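Let the hints inform the model, and build the full structure from the sequences given.
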Amino acid sequence: AQTVTQSQPEMSVQEAETVTLSCTYDTSENNYYLFWYKQPPSRQMILVIRQEAYKQQNATENRFSVNFQKAAKSFSLKISDSQLGDTAMYFCAFMRTFQGGSEKLVFGKGMKLTVNP
Amino acid sequence: KAGVTQTPRYLIKTRGQQVTLSCSPISGHRSVSWYQQTPGQGLQFLFEYFSETQRNKGNFPGRFSGRQFSNSRSEMNVSTLELGDSALYLCASSLYTGNTEAFFGQGTRLTVV
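Line by line, the protein sequences give chains A and B.
The opening residue of the first sequence carries number 1 in the working numbering; numbering runs sequentially from there.
The opening residue of the second sequence carries number 1001 in the working numbering; numbering runs sequentially from there.
Simulated from the structure, these hints should not be mistaken for lab results.
Only a predicted model underlies this, so the values are computations on that prediction, with no experimental measurement involved.
Even for Gly, the Cβ is constructed at its ideal location relative to N, Cα and C.
There is no bait here: all hints are sound.
Not everything, but these chain A residues come out facing chain B in the computed CB check (under 7 Å):
#1 33
#2 43
#3 44
#4 45
#5 107
What the simulated footprint calls covered on chain B by chain A, stretch by stretch (three residues with Cβ under 8 Å from a Cβ of chain A suffice, anywhere in the stretch; the number is not a length):
#6 1033–1043
#7 1047–1058
#8 1080–1093
#9 1105–1113
Next up, the structure:
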């Protein structure tokens, strides 16, 4: 079974600074995706960024980028130029994929990020 | 286009009752997955439906069931409610099963008293 671990339950950062959220996972699979989801107080889970395991290049979406270390099974999220709207719970997630389908999302416990003005 | 719509947003039920939650996916999306979110257990997968068929099921008791209609709308039902069923129930829709881009609704907050 796959597991996802987010060891930091809570972090805070000043507006405009950079923050890194850590995530490790455990799997014996070769084909999978990794995700970071954001859950603001509105409760809606929003996809921030995703990474295909077979791609060596780290994914980037505007101010969000990941550091994917496949051998170490590490998948950290870097948020640059933090904004007040980045305040939310952040969840790291894993999804095994196979030809013609995929399995469920397996989530970490989440981490509360607070961006202070 | 409209996002994933979950109704109702809030619900209070008594132990022993049953409840039905609804999820309307994004137009054109045919896969719907359900997740339970609690402070203790975090986010846990309940089941996935695609083309009116259950494709995947999580490790939940038989009191939890679901279905999907021909228009891709999905419902989940919990019978004989227990206090521990109090949770945020999230629905996610995807174009098809196996698609890695899932869009979530805002959830239904169920409180069992």
